Every structure is written in structure tokens, then in C-alpha cells.
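Student: With the hints as a guide, bring both chains together as one complex.
Given next are the chains, with one letter for each unit.
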Amino acid sequence: MIAAIDVGKLFELVWAAALAGIAVGVSFSLVIIGVVRAEDCRRNRRSGSATAYAALSVVSAIAFLAIAVFGIVVITAK
Amino acid sequence: MGSDVILVIVVVTALAFDFTNGFHDTANAIATSVSTRAMSPRFAVAMSAVLNFAGAFISLKVAATVGSGIVDSGAVTTTVVFAGLVGAIAWNLATWWAGLPSSSSHALIGGLIGSAFAASGPSAIDVDGVVEKVLVPAAVAPLLAFVVAASTIVVIYWMVGNLRPGPVNRGYRLGQVVSGSMFSLAHGTNDAQKTMGIITLALIAHGNLPADSFDVPFWVIVSSATAIALGTYIGGWRIIRTVGSRIIKMDPAQGFAAQGAGAAVVLTASHLGFPLSTTHVISGGVMGAGAAKRLSAVRWGVAGNIAIAWILTLPAAAIIGAVVYGISSAFGSGALGPLVVALGLVGLLIAAFVRRFAQQRLAAAQ
Numbered sequence: 002m003i004a005a006i007d008v009g010k011l012f013e014l015v016w017a018a019a020l021a022g023i024a025v026g027v028s029f030s031l032v033i034i035g036v037v038r039a040e041d042c043r044r045n046r047r048s049g050s051a052t053a054y055a056a057l058s059v060v061s062a063i064a065f066l067a068i069a070v071f072g073i074v075v076i077t078a079k
Numbered sequence: 275m276g277s278d279v280i281l282v283i284v285v286v287t288a289l290a291f292d293f294t295n296g297f298h299d300t301a302n303a304i305a306t307s308v309s310t311r312a313m314s315p316r317f318a319v320a321m322s323a324v325l326n327f328a329g330a331f332i333s334l335k336v337a338a339t340v341g342s343g344i345v346d347s348g349a350v351t352t353t354v355v356f357a358g359l360v361g362a363i364a365w366n367l368a369t370w371w372a373g374l375p376s377s378s379s380h381a382l383i384g385g386l387i388g389s390a391f392a393a394s395g396p397s398a399i400d401v402d403g404v405v406e407k408v409l410v411p412a413a414v415a416p417l418l419a420f421v422v423a424a425s426t427i428v429v430i431y432w433m434v435g436n437l438r439p440g441p442v443n444r445g446y447r448l449g450q451v452v453s454g455s456m457f458s459l460a461h462g463t464n465d466a467q468k469t470m471g472i473i474t475l476a477l478i479a480h481g482n483l484p485a486d487s488f489d490v491p492f493w494v495i496v497s498s499a500t501a502i503a504l505g506t507y508i509g510g511w512r513i514i515r516t517v518g519s520r521i522i523k524m525d526p527a528q529g530f531a532a533q534g535a536g537a538a539v540v541l542t543a544s545h546l547g548f549p550l551s552t553t554h555v556i557s558g559g560v561m562g563a564g565a566a567k568r569l570s571a572v573r574w575g576v577a578g579n580i581a582i583a584w585i586l587t588l589p590a591a592a593i594i595g596a597v598v599y600g601i602s603s604a605f606g607s608g609a610l611g612p613l614v615v616a617l618g619l620v621g622l623l624i625a626a627f628v629r630r631f632a633q634q635r636l637a638a639a640q
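Sequences listed follow chains A and B, in order.
According to my numbering, the first sequence is numbered sequentially starting from 2.
According to my numbering, the second sequence is numbered sequentially starting from 275.
Here chain B stands alone, though its shape is the one from the complex (with noise of 0.2 Å):
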């Protein structure tokens, strides 16, 4: 009965944090569309809340990876992984607060870390893993995203910029929508599929799915498709304003150089086998497609305080992750301690909108 609770508070917190994945995430992937008007916010984000949907279904191996090469699948329980959701949903949350883009994938595999070290030392680490698909690929999506859209934006200038503006503008507005549709489907075949991997491993560990073989139930992938098209659709406007106007201003052909060099980069990696950041890259090619035209053309402000974000998410995701496992295991084995940490998190958000509801009423009368 009790482990029977934790794996329901596992596939319903996983659940959250593909909710929340959809409401960070994917507004990368829009954002230079919305900037630049290519699309009307509305159809937009429902566009991509469609293409995330239906990447979800596309394609199943990602979810047979999930934490495999960094953490030690025998340190791996139910409540190592609820504590490393936590961690993971916290961590998006409180980026999400402050408008600024961050990987939920390195937010997860933070929470994982922190979690599996809580519980069983630094032996469950593998550190070479972490080294290999974390920490080379942050550094490498950016800085190459970076000087893709800007070699990209130099040569787009070079060959229309004697053209008419007007039609200019509508084509290169025209080339985000379907820039911007690789980029959503793309994430939705990736992002969605870690919600699958964990609830399915949270499956296997509690004997309802045999070990010896990953087979993905249907009611899962419709379940994690929905979260992330539901998050995607109800949320992301801080990012999007973030990503869109605040890192530079941009026009039609330098969000599509961001947009066309980021999926180029995404899909390169993709097919060698490198598993990259759309977040890192999207906020890569923006800043290199405004940097190209001129260099004060970007807020490094902005930037600063989204590298500092991307540089705290492993560690910050970590430590809420091993102080939850240390809270719930606190409460014993049993289910008591996952519950406590869950409704504890549910009544801080409750009380965190109720206040912010109130800031927005109060706001509106004076």
C-alpha cells in the first residue's frame, strides 16, 4: 500500500515537472517568432503546444536513456527520483519567477544527482557521464549557436541587403514558421520522453513493468504529451519576453538566423549522437545573431544573468535535491515522507499565486 502512494506522488510529480518543462522550455522555441511577429502569441503557442504533443508520440528511445551514464541505476529509487523531481521542478520554477531561460534536462539530471548522492554517497555518481553529457555539452551549445547565427546573419545581410525591406521582412517572417516548427518538435520528441523514461523506470522499480525490457506504456506517453502541451500552451511568457526583446531587439531575418542556425546546430547534434540544450542553444543564436550586427546590440546584462542562471542549475537542482531526499527518508522508508514534501510544495505554490494574485488586484485598484 505504501509503496503503492509513493509511485502514484512519483508519476504525479514527474507529471509536474513535464507541465513545468512545457512552460519554461518551449518558449525558447517560439519566442524569436512572437518578437519579430511572425506569429500572433496565440497561434503560436499553440502551435507549439501541438508540435510538442505530437513529438511526444514520434519516437521512444530517449525515454530508455534517461539518467543512464550518470547516476548508478541500482542508487535509483522511487524516492530518489521524487526527490530529484522536486529539485528539478523547483529550480524551473524559480527560474521561471525571474524570466530567465534555463535546461530543464540539466535541472532534472541536477535533482538526480543531488538525490542519488543524498542517498548513497559520491559512488553513485559517475563522473566522467556527467563530464561527457552535461557539463561539455553546456559549454560547447551556446558558444557554437553563438557563432553559427552570427556567421549566418552576416551572410543573410550580405545577400539581401540591397533588397526592398518590406518584402524582406514578410519572408524571413515566413522562414521562422517553419524554423520555429522544427525547434518545437524537436523538443517535444526530446523533453517529453524524459517524463516517459522517469515514470517508466518508476514503474519498473515498483515491479509493474518486468526489468529486462523498456516498453513505454500508451497511457504514459499520452499522459506526458498532454503535460507538456498543457504547460506549453498555459505558460512561458516571462521567457518568451526574455528570449524575444530583452536579450536584443531583433528583426524578421535575425530571429530567423537564430531560429534556422539553433535548429542546424539541434538537429546536427542530434544525429551525431550529442545531446545539447535547446534552451543553451536558441539563447546562443539570439545573442549571436544581435552580436553579429553589433556588438552593443545585446544586453549583456541579460546575458550575464542567463549564464549565471545556466551555471547554478546543476548544483542548485542538486542541493534541493538532496535536502528533499533528506526530508522525505527523514519520515522513514515508507510513503510519509514523499507525501509531506508534496503537499508541503503544493501549499507553497498555493500560497505563492494567492499572493501574487492578490499584488495583481491590488495593483489594478490603485
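Next comes chain A alone, as it looks inside the complex (with noise of 0.2 Å):
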């Protein structure tokens, strides 16, 4: 019965989930962070920072979409 379960199989599906899992929760709230601070920063008129943090919103929100798709092509190839 021992023989029926794939040990390395388990591991990398504990391992590759906790990342996925994981990336996908800070790659959107980066989004979230870049987007409030962005706001706070047009309205404190610091110009500099307010482009950056909309940037890094910008950045992980590619990110975060690029995970999406991954997802779809997972679930599409299966």
C-alpha cells in the first residue's frame, strides 16, 4: 500500500503549491501597495514617488496576470 504513494511527487506538489500560493498573494498586494501609496504620494505632491509606486503596481499586477494565464494553460492542458 506504502508502494502506491509517490513520495517525490508529494513533496514537489508541497513545495510548488506553498510558492504559487505564496507568490500569487504578494504579487497582487504589491498591486494594492503601489496603487494606495501611488495615491497617497499625488496627494502629498511627491511626483517621484507617486510614478514609482505606480510602476511597481503596474510591474507585479503583469505578474500577478502572468500567474493567471499560467493557470489557464494548466487547466487547459490537463
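Don't read these hints as lab results, they were simulated from the structure.
None of these values were measured; they are calculated from a predicted model.
Watch out, some of these pointers could steer you wrong.
Said to hold, decoys possible - Below, a sample of chain A positions facing chain B; criterion: calculated Cβ distance under 10 Å:
| hint | residue |
| --- | --- |
| 1 | D7 |
| 2 | K10 |
| 3 | E13 |
| 4 | A19 |
| 5 | V27 |
| 6 | V32 |
| 7 | I63 |
| 8 | L66 |
| 9 | A67 |
To be verified - Away from chain B, derived, C-beta distances all over 10 Å, residues of chain A:
| hint | residue |
| --- | --- |
| 10 | N45 |
| 11 | S50 |
| 12 | V60 |
Each residue gets a CB set at the ideal place from its N, CA and C atoms; glycine is no exception.
Tutor: The following block contains the structure:
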């Protein structure tokens, strides 16, 4: 019965799922941080920081969408 | 003529199972979005129904694997399939009545195991296959989703904890639209295909399709996709309430962490060819997102009831499947047995709904 369990695949699942889950959370949180901080900086007339935070949110949004697209590819390739 | 009647009964029963799958399992995908008000209930259910319908057309690879490696294909007859489906439907309805999220796939596998066991004895069951494809994933899915969601919410709170809560909550609600959509699409590709596989197996067993190839007819794809989408649109509120608000009261960040971590776990597992239940994953994710904030935030009594339902799913569906096979075969090998069971089941369902309707009218009158 133990032979039926592929421990290597199980271990790969654990670390890959943990990495993917945290990557989803971090990338989307960076989008939110970028948007909120950019708005705050604009309100305080700090245009340089506002641009930097806006860029952070754009890059993070691209990363988040890339993860989502990869998910759709996984679904369709199943 | 008799075998034609059995085939029709099996197809209708398979579509009925697909319908219960829709209103039972699909709720999981959108429950957290509804409870955090990321989407209105009507929009969430409609979106999930559409994505489940679309998901059913994306791939047909899962359809070819139904029951393989778990039950000996030589033991599978239309009556065995029928009895297995009834076992799965009965367990789905019982857990839906109790508002407990349980895996429809495990109920289907349990039903098939029970009916095949009753038909051909223990040699019809591949124990290693059951361990590898059902028991290990059932243990891994909720624990992994729990840990990943808990880790994710800790990181999220650390990152956005000192920001204004208004825009942060709005942001995570928006994120839930994406994560909820992914979950619904993944569910549609998985679960509607199981019904397609069952109907195609029955058509092959009946001689309508060649046995050497596994080509799912277009009408089977359309009817399975429609059944799961209709089930999604019509039902699911009891389980949405349990997953969305009875396990924990969640904020949008927790809802996003649970769904995002859950989607990551399900898709990583799919990528590695490891079959996990979406029900187990999202329930584990919700508990993890709650427990990481505060252990007492999770209503452990509700979580315990859910865990008991998971443990009971396989044996309970198997017992019902075996009993239904016994009753069906008591009427001989023809169509009479399945017909009697099917009519009995429909009668019981009508009686239950009439009783419930009468109770609601009585309560409204008081």
C-alpha cells in the first residue's frame, strides 16, 4: 500500500503549491501597495515617489496576470 | 429493448448526478467571494455557471480516466454504473441538506467501489489505486491548502497591515473576482468531464460506441455542461453559507488568501498529475486563512463536522451503491431493477420537497 504513494511527487507538490500560493498573494499585495501609496504620494505632491509606486503596481499586476494565465494554460492542457 | 431502457436510465441518472455536483461543489468556488461581498450572490452564481459550462468544453482528458485504476473495468456494467451514481447522488443530497461541503468526485468513486464490490467481490477493487488516487489526496489537500493559505495571509497582513483599510479591502475584493473565476473554470474542466466519462462508458458498454477509442459524443458534452451549469445556478446556497461564513467570518484579504492559495494548490496539483478535490482544498484554505489570524476565529465544531463528512463520504456512498446494486439485481438482470430504484428515488425526492414546501408555508403562515 505504501508503494502506491509517490513521495517524490508529493514533496514536489508541497513546495511548488506553497511557492505558487505565496507568489499569488505577494504579487497582488504589491499591486495594492503600489496603487494606495501612489495615490497617497500624489496627494502629498511627491510625484517621483508616486511614479515609482505606480510602476511597482504595473509590474506586479503583470506578474499576477502572468500567474493567472499560466493557471489557465494548466487547466486547458489537463 | 431492456438494455436500451437501462442505458436511458443511466444517462438520466448521470445527468442528475452532474446537476447535484453543480449545486453542491461549485458553491465552494464562489462562497468566499459572496461572503466578503466581492460579488453579489446572483452575479457570482451566474459567473460560476457560465465558467463551469465553458470549462466543460476545454478538455476531455479527465473524461477518459473516470474510475480507471480504481475499479476493474471488466466488472463495470450499466447496472454497476447506475448503482454507483445513485450512491453518489444520495450522499450528495444528504450532505447538501446538512450544508456540509463534501467531494462529489469521492462520492462517485465510493458509489462505484460499492456497486462493483457487490457485483464482483473484493477482486474488482484496486486497493493501491484507491490509496494513491483517493485516500492520499484526501489527506493532503486540506492540510496543504490550510498551510499555504495560512502562510499567505500572514505575508499579506505583514505587507498591507499599515495601509488604509478601505482601498485595501476594495483591492482584495477585485482579486477575488480573478481567483473565484479560476476556481470555477478548474471545477468545470474536472467535474463535468466525470459525467461525460460515465455516459461514454455506458454507451461503449451498450455497443453504441466502439470500445477501442474513447470519443465523447458532442451531445454528451453539451448535456453534461448544461446539467452542471444549471445545478450551479439553481442551488448551492446552503453550502455557500457554511464555507463563506460559518467556518470563519472573513475579511476580503482572508477570502483572497483562501481562494488564491486554493487555486494555486489545485492548479499545481493538476500540473503534476495529482488529483485533489476542490472541495477539500477550499475548505482547508478557509480554515487556514482564519486560524492564522487567530486560532479561535475558526469555528472548530463546524470544521469537525466537515471533516467527519469527508471521512464518511467514501464508505457511505459505497454502502449505498452496494445496497442499490443489490436491490436492482434482485429484480433480475433486466431494466426492471434500475427502473424501480429510479422511480423510488424520484418519489422520495418529491416527497422530501413537498414536505419542505409545506413546512415553509406553515412557517410563513405563523
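Student: A separate judgement is required for each hint: does it hold in the structure or not?
Tutor: Comparing the hints with the structure gives:
1. D7: Result: holds, 7 Å to nearest chain B Cβ.
2. K10: 6 Å, holds
3. E13: 6 Å, holds
4. A19: Hint on A19 (chain A): holds, closest Cβ of chain B at ~5 Å, below 10 Å.
5. V27: This hint holds: V27 (chain A) lies near chain B, its Cβ roughly 6 Å from the closest one there, short of 10 Å.
6. V32: Hint holds; V32 (chain A) Cβ to chain B Cβ min 7 Å, cut 10 Å.
7. I63: 14 Å, violated
8. L66: 8 Å, holds
9. A67: With a closest approach of 12 Å, the A67 (chain A) hint is violated.
10. N45: 14 Å, holds
11. S50: 15 Å, holds
12. V60: 15 Å, holds
Hint compliance for this structure: hints 7, 9 are not met, and every other hint is.
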